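Participant: Generate the whole structure from the sequences, applying the supplied hints.
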Amino acid sequence: MREVGASRVASAGDVYRAYNDAENRQDHETMDSLLADDIEITVNGVTAISSAEGDAVAMAALFEAYPDYRREILGIVEERTKAAVRWRMVGTPAGKIRDQLGPLDLHGCSVVEVKEGKISRAWLYSADGPIGKILALAAEKGAG
Numbered sequence: 441m442r443e444v445g446a447s448r449v450a451s452a453g454d455v456y457r458a459y460n461d462a463e464n465r466q467d468h469e470t471m472d473s474l475l476a477d478d479i480e481i482t483v484n485g486v487t488a489i490s491s492a493e494g495d496a497v498a499m500a501a502l503f504e505a506y507p508d509y510r511r512e513i514l515g516i517v518e519e520r521t522k523a524a525v526r527w528r529m530v531g532t533p534a535g536k537i538r539d540q541l542g543p544l545d546l547h548g549c550s551v552v553e554v555k556e557g558k559i560s561r562a563w564l565y566s567a568d569g570p571i572g573k574i575l576a577l578a579a580e581k582g583a584g
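As numbered in my numbering, the sequence shown has no gaps in its residue numbers, which increase by one up to the final residue, 584.
Worth flagging that the hints you see were computed from the coordinates, not collected in a lab.
This structure is a prediction, so every number in the text was calculated from the model and none was measured.
We put the beta carbon where it would ideally sit given N, CA and C, even for glycine.
Heads up, a few of these hints could be off.
In silico BS3-like links for lysine-lysine, alpha-carbon gap of 25 angstroms or less [as the list claims (entries may be wrong)]:
id, residue 1, residue 2
1, Lys558, Lys522
2, Lys555, Lys522
3, Lys573, Lys536
Derived Cβ-Cβ restraints for the label pairs, each shown as a range [what the hints assert, rightly or not]:
id, residue 1, residue 2, range
4, Ile513, Ala567, 29 to 37 angstroms
5, Asn484, Arg510, 18 to 26 angstroms
6, Gly485, Arg520, 22 to 30 angstroms
7, Asp478, Asp539, 34 to 42 angstroms
8, Pro507, Glu469, 27 to 35 angstroms
9, Glu556, Lys536, 35 to 43 angstroms
10, Ser560, Glu469, 16 to 24 angstroms
11, Lys573, Arg520, 30 to 38 angstroms
Facilitator: Here it is as structure tokens:
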């Protein structure tokens, strides 16, 4: 965080790190508090989610499919209100969809934009694989 006048302002990287930490704890309340209500998330150039509520549905589907899910941050480059993040997601499939999904071991990159301390836009880039399947399951449950 950096000092601006009398207040402390979180950098885009700080906000992403806080969201990632909450995600790894499956702390839905904190995750939601770090997202703009009208967040737009694109995956490989296609809009996948357009609200914090849709993100909550998608994350619930991810945690259901991979109960031990974790995302490791491999590096962050920041510039004002944006951050580019290299990451690795890992997890073991469970439940009804175990046979449809293999183990999760996915490298990718996200670019996020932060406004007023919340992630307002996110662009994720990775191989389609499991993430596409999870988003399809989440869409069936009302994410979008």
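Participant: Are the hints correct? Go through all of them and say.
Facilitator: Going through the hints against the structure:
no., hint, result
1, Lys558 with Lys522, "holds, 11 angstroms"
2, Lys555 with Lys522, "holds, 9 angstroms"
3, Lys573 with Lys536, "holds, 14 angstroms"
4, Ile513 with Ala567: 29 to 37 angstroms, "violated, 18 angstroms"
5, Asn484 with Arg510: 18 to 26 angstroms, "holds, 22 angstroms"
6, Gly485 with Arg520: 22 to 30 angstroms, "holds, 23 angstroms"
7, Asp478 with Asp539: 34 to 42 angstroms, "holds, 36 angstroms"
8, Pro507 with Glu469: 27 to 35 angstroms, "violated, 19 angstroms"
9, Glu556 with Lys536: 35 to 43 angstroms, "holds, 39 angstroms"
10, Ser560 with Glu469: 16 to 24 angstroms, "holds, 19 angstroms"
11, Lys573 with Arg520: 30 to 38 angstroms, "holds, 35 angstroms"
This entry does not satisfy hints 4, 8, going by the numbered hints stated previously.
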